[in-house]
Amino acid sequence: MPPWSPASSCSSRRAPATGCCTGRRARSSTTPTTSTTRCRGPSIASSGSRSSCAGSTPRCRGRTRATRSGCGGSTSSSASSAPSTRSRRNWRRRSRRSADRSASPGRGAHRGALCCAGHPRGPMYPQAASQQQQTVTVRVQVIDLDAFTLDLQVPTYLKARDLTQRVARDAGLRAHWDNGRRRLYWLRARGRLLGDDETLGDLGVIDGELVYLLPEPPAGSGVVEQVPDYPETRGYAGKGTLALIGALLMVLGWAVGWGLALSINRAAWTVWAPGLGLGLLSVGFARHAWGGSGSQLRVLITGMVLFPMLMVLALLVPVLFIPLYDSVINGVVGASGPDPGRLFSETVVGLLMGFAGVFLGWLAWWGAVEPLPRERQVQQEVQMQAAAAVVPCGICGGEVTADVRWECQYGCGRYFHVGCYKARVAVYRGDANRCAVCNAVVG
526 MPPWSPASSC SSRRAPATGC CTGRRARSST TPTTSTTRCR GPSIASSGSR
576 SSCAGSTPRC RGRTRATRSG CGGSTSSSAS SAPSTRSRRN WRRRSRRSAD
626 RSASPGRGAH RGALCCAGHP RGPMYPQAAS QQQQTVTVRV QVIDLDAFTL
676 DLQVPTYLKA RDLTQRVARD AGLRAHWDNG RRRLYWLRAR GRLLGDDETL
726 GDLGVIDGEL VYLLPEPPAG SGVVEQVPDY PETRGYAGKG TLALIGALLM
776 VLGWAVGWGL ALSINRAAWT VWAPGLGLGL LSVGFARHAW GGSGSQLRVL
826 ITGMVLFPML MVLALLVPVL FIPLYDSVIN GVVGASGPDP GRLFSETVVG
876 LLMGFAGVFL GWLAWWGAVE PLPRERQVQQ EVQMQAAAAV VPCGICGGEV
926 TADVRWECQY GCGRYFHVGC YKARVAVYRG DANRCAVCNA VVG
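The number in the numbering used here is simply the position in the sequence shown, starting from 1, with 525 added.
Just so you know, the hints here were simulated from the structure itself, not pulled from any lab data.
A couple of the hints might just be wrong.
[Stated by the list, open to error] Cut-off 25 Å, straight-line C-alpha distance, at most; resulting in silico cross-link-like pairs (DMTMM-like, lysine to aspartate or glutamate):
#  : residue 1 : residue 2
1  : Lys684    : Asp722
2  : Lys947    : Glu924
3  : Lys684    : Asp669
4  : Lys684    : Glu723
5  : Lys684    : Asp695
6  : Lys684    : Asp727
7  : Lys684    : Glu734
8  : Lys684    : Asp732
9  : Lys947    : Glu932
10 : Lys684    : Asp721
11 : Lys684    : Glu741
12 : Lys947    : Asp928
[Unchecked claim] Derived DEER-like restraints, expressed as beta-carbon distance ranges:
#  : residue 1 : residue 2 : range
13 : Leu735    : Met775    : 26 to 34 Å
14 : Met775    : Arg699    : 57 to 65 Å
15 : Thr674    : Gly720    : 21 to 29 Å
16 : Arg694    : Gln934    : 22 to 30 Å
17 : Ile826    : Arg699    : 19 to 27 Å
18 : Ser818    : Leu849    : 40 to 48 Å
19 : Asp687    : Gly778    : 53 to 61 Å
20 : Arg694    : Ala948    : 55 to 63 Å
21 : Leu769    : Pro865    : 28 to 36 Å
22 : Asp721    : Val943    : 37 to 45 Å
Note that CB positions come from ideal geometry on N, CA and C, so glycine has one too.
Based on the sequences and whatever the hints tell you, model everything.
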């Protein structure tokens, strides 16, 4: 078959026998001893044009597909002659180089997940896939004079100050006022307002959640923002010195009570249960003493050091204090307590349970969602009544009180005197499909 025939040209779309379309060498299906050549460029399947094969060159520079009969042009050796050792070595080297190029994400990953022979390649657009994982589809409820909802796909890594402007742009809201000042927006999700540096990813927002967009009300609209009357807080319970001393006395009283119980009976319920409680109280006292975040390691260390000291106090009660009480108060001569070694061996379970209580209490403090609140001063602001709010008239410019106020019914955001509005409508002789004041489309 002639080399310029369309059936044997490199631009034909036959299925390859081996290799892939990235330039791998394809063996001939006719005889295993024939070494096929590669084209230097794409051929033109027409008579009188360039030949599809450039001779016996073993390298293909064009991105053509190898057919079962190779390039169809002149071969480097006949079908009866076997390839030389040097040709086989060059073929292996080119095969490894071609496989490395197709496996690299910079050159071969953009061509698809599979090549023409079904060989897997690198991931397709890995950066786009990672960006899709950082977006969520939420329903945005716009709280405005004209409230509406819309579904948007928003990024979770964008800060709230930039995300609000992006959502406002997609919602068709104004980004600036008429005087050029930037309009402010706020986001509310998971029951609270987002800070300027917070993201949706920090709150763990997932697909399908409801997010509120709160635009800044226009000036003179009569919308009065009132600061909520939060109750005054005095910080956490252990912040004051008196409260801290009270917590310490409670821990000491628990230790003394445990010692009295050990002097009477050393059963299971008087050994491990009070020990666990003493461990929890120790780490609770350390938590209030240090303050701040409960995940601090010093809270755990303080609880671990304080519990053994309190347990020693509990063991001294039956060993020293009870015999001393019997000698002084009851007049018992030669009163003695239990053996210290035997007492410790019987209460070693309480020691282990106490350390477990310390660690468990620290994990409980660490697992809190927020740190303990700090003391904050609530500023008393003047409460303004909505009825007493005064806005300018959109026609005459005078002050409009609540008893004679008329709001534009087409949503322009302006207020008028009732008399001014009726007079303007009465003398209006313009288009009947537009508002007489704000020129908005009526119907």
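Among all the numbered hints in the text so far, which are the ones the structure does not match?
13, 17, 20
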